[in-house]
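Now for the letters of each chain:
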Amino acid sequence: MEISRIQLLKRFKSLAFVALTFGFVGLTNFTKAQGEALFKSKCATCHQTHKNSTGPKLFQVRDKWAAGGAKEGSIIKWVNNWQNAVAVDPYAAEVSKWSPTAMSAFPDLKAEEIISIFDWIDAQPDPAAATTGGPTDPNAPPLDPMEEEGSVGWIWIVMGVIFIVVILAVGGVRRQLNIATSDNPEHQEKLTYGEELRTIAWKYRLWVGLASLVTVIAVIVTLFQGLYRINIMEDYQPSQPIAFPHDRHAGVNGIDCKYCHNSVTKSKSAGIPSVNVCMNCHKQINGEGKPFAGEIKKIYAAAGWDVSSGAGRYTGKTKPIVWNKVHVLPDHVYFNHSQHIVVGGVDCKQCHGDMKVMNEAAKVQPVSELNKIEGNIQLTKPTLTMGWCIECHGKKDVKIGDGKNAYYDEIHRRLKKDPALYKKYYQDGKVSVSELGGWECAKCHY
Amino acid sequence: MKRNVFAIIGTSALTLSLLMLNSCKSDADSPGFEYAPDMYRTPSIEPYVDYGEVRGRIDESKKVLLSARIPARNTIPYYGTDTAEVKLMLPYFRKPNVAFRESHGLYGVDVSLSDEYTLAAADKNPMGINVLNGEKILANGKELFTAMCQHCHGEKGDGNGPMVISGAYVGVPNYANLANLSDGQMFYSIYYGKGMMGSHGSILSKKEIWTLVHYVRQFQNKDYGKFDATGKPVMSAVVSDTMAVKP
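Chains A and B are the protein sequences, given in the same order.
Read in my numbering, the first sequence has 384 at position 384, and its numbers run on one by one without any break.
In my numbering, each residue carries its 1-based index in the second sequence increased by 446.
Keep in mind that a hint or two might mislead.
Below, a list of computed lysine-lysine pairs in the DSS-like style, where the Cα atoms sit at most 25 angstroms apart [unchecked claim]:
1) A:Lys266 - B:Lys653
2) B:Lys588 - B:Lys570
3) A:Lys319 - A:Lys298
4) A:Lys266 - B:Lys533
5) A:Lys356 - B:Lys588
Honestly, the hints are just simulated from the structure, not real lab data.
Values in this document were obtained by computation on a predicted structure and should not be read as measured data.
Construct all of the structure, not just a fragment, from the sequences and the given hints.
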């Protein structure tokens with residue numbers, strides 16, 4: 001009996017211990033969850049756990065303050081209102097010089113809530129330590145396709161030369177053998193290469209004649225095809241000062257074309273973003289430890305963004321990034337982006353292709369590539385030629401009478417009045433740009 | 447002897463053609479043959495055109511381009527003759543704090559020594575929203591938000607845009623947590639930037655920003671900008687608050 005009672009007591013003790021442990025763990029979990037929620041709603045806009053952003057990184061910030069000689073509890077005071085902490089603590093006054101941007105005051109946060117936030121932050125692992133060390137980086141920039149093509153071309157040239165040398169050598173040997181085994185060596189030896197060739201050509205004159213006719217026609221056709229390629233800008237892909245991957249920006253990160261090319265809805269030119277637009281995101285995204293960090297440093301140099309101190313600061317010493325224009329139209333052509341995008345409702349990819357998957361420098365997409373894109377009007381003439389514009393103006397329908405454009409509404413109203421004209425316009429079930437004067441010379445040339 | 451001459455001529459022709467082939471590498475920066483290059487290299491002022499080479503003449507001093515600049519200070523776009531519209535387009539009267547130079551790169555902008563962000567709390571949205579224009583303003587707002595904001599702030603305004611989901615960017619607030627932010631402060635933050643967010647004054651007009659302010663309010667109260675059959679706002683307090691017309 002005595003033993004069992006002791007056992008019972010022991011069992012009770014262990015049960016109580018388990019219950020207590022669970023209770024304790026549960027309690028700490030609760031405060032940590034609270035800390036996480038508070039951090040995400042109040043702090044995360046400016047602070048990160050392991051990286052400086054608008055505010056300094058907060059991982060083990062309490063230890064940092066203690067090591068720096070801050071007074072007990074002044075960090076709590078700082079969070080409530082940083083000016084109060086600066087007034088009483090010289091360390092806090094020093095911290096306030098970290099960045100010119102002042103921290104918002106959070107007078108509603110209780111001391112235990114602030115502690116729960118710091119507890120949660122200190123429990124976070126360093127994300128940089130987890131991600132580094134991979135053998136292959138998926139963000140590595142692709143190899144330059146131009147260079148690859150060049151090396152392949154050299155191999156063909158070298159192989160062609162070897163081939164010609166072999167043919168000539170074999171031919172020479174064969175000729176020498178022929179001479180050696182001929183019944184009439186004297187006669188054979190008198191013939192030069194040219195004379196021999198002429199005899200053979202006369203012997204097979206029909207075939208030689210046909211072959212030369214084919215060759216002449218082929219040369220003429222090639223010449224004319226070459227002439228037709230003059231002024232064709234397809235595949236024009238000038239080098240750019242910064243290796244900008246459109247697929248990462250527009251594809252992975254879902255940035256709308258109009259964010260960077262923001263004058264496309266307002267102006268003739270779609271606009272190359274000024275460097276302050278790049279900095280709207282790249283102030284934070286510095287690509288540290290990534291292969292493209294050097295490219296982002298070029299943006300920083302252009303924007304005058306100095307990352308060496310604290311939160312980083314703009315020095316005011318800016319310089320332009322000289323991008324190279326890709327889609328060049330002649331001076332005598334007027335093209336307006338806003339007319340096509342806003343009024344015409346044309347999608348960017350109709351002319352520029354799918355930039356969400358384009359990881360090399362921007363280029364003039366050939367029309368065969370543009371035709372592969374879903375929803376694009378199928379065209380046959382080379383991109384950026386007049387034929388290409390005209391073809392599209394003949395095929396693209398204008399949405400008239402939907403109340404979005406007063407000019408087209410007026411046309412719609414008049415069309416409805418005139419049944420004959422209405423019938424003529426709607427013969428193919430749509431009103432195309434050309435039917436509204438899109439083929440008039442003066443639409444684009446004036 | 448004759449054969450030797452042939453061999454010499456043949457070899458030299460081969461070498462020469464090889465050398466010529468070698469020079470035939472493609473230059474990515476050359477647009478290729480043009481019919482009339484002087485029609486491409488225009489002497490008139492066009493955006494993003496290299497004035498270092500006009501009509502075949504190369505001018506080294508003009509080679510450094512004024513590429514991708516922000517609009518000149520205090521310029522306003524032409525917006526017709528509608529007085530209300532023009533008033534809306536006049537330069538923003540609030541100035542950024544002097545600290546915005548270092549934090550947001552607003553050099554070359556008139557700065558203020560006082561905290562105008564706090565003062566901006568008193569500013570009202572000059573674009574009144576009512577039963578007549580409510581739908582149009584919110585539709586325009588949605589279009590603008592999709593192009594200009596949603597990659598960070600998310601389609602639902604919860605701070606979970608594709609950039610945040612992909613892990614490229616962190617620290618985007620949820621609009622629902624910013625219900626106390628006044629219209630004027632929201633405008634100020636979009637115009638001059640706040641914290642990590644950069645200044646969007648160079649890429650958005652004032653009218654567009656005020657439209658966005660209306661649209662963002664919708665994330666905080668789903669009844670914002672909605673009107674009942676009699677034309678009265680479903681959510682009275684805030685809507686009537688923004689009716690004051692003042693630039």
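Is A:Lys319 within 25 angstroms of A:Lys298, Cα to Cα?
-> Roughly 10 angstroms separates the two Cα atoms, so the pair holds.
Would the pair A:Lys266 and B:Lys533 pass a check requiring their Cα atoms to be no farther apart than 25 angstroms?
-> This hinted pair holds, its Cα atoms lying about 19 angstroms apart.
Hinted pair A:Lys266 and B:Lys653, Cα distance within 25 angstroms = Judged against 25 angstroms, a Cα distance of about 13 angstroms means the pair holds.
Are the Cα positions of A:Lys356 and B:Lys588 separated by 25 angstroms at most?
-> Holds, at roughly 22 angstroms.
For the pair supplied as a hint, B:Lys588 and B:Lys570, confirm whether the alpha-carbon distance does not exceed 25 angstroms.
-> Holds, because 21 angstroms separates the two Cα atoms, which is no more than 25 angstroms.
Checked against the numbered hints above, the structure violates none of them.
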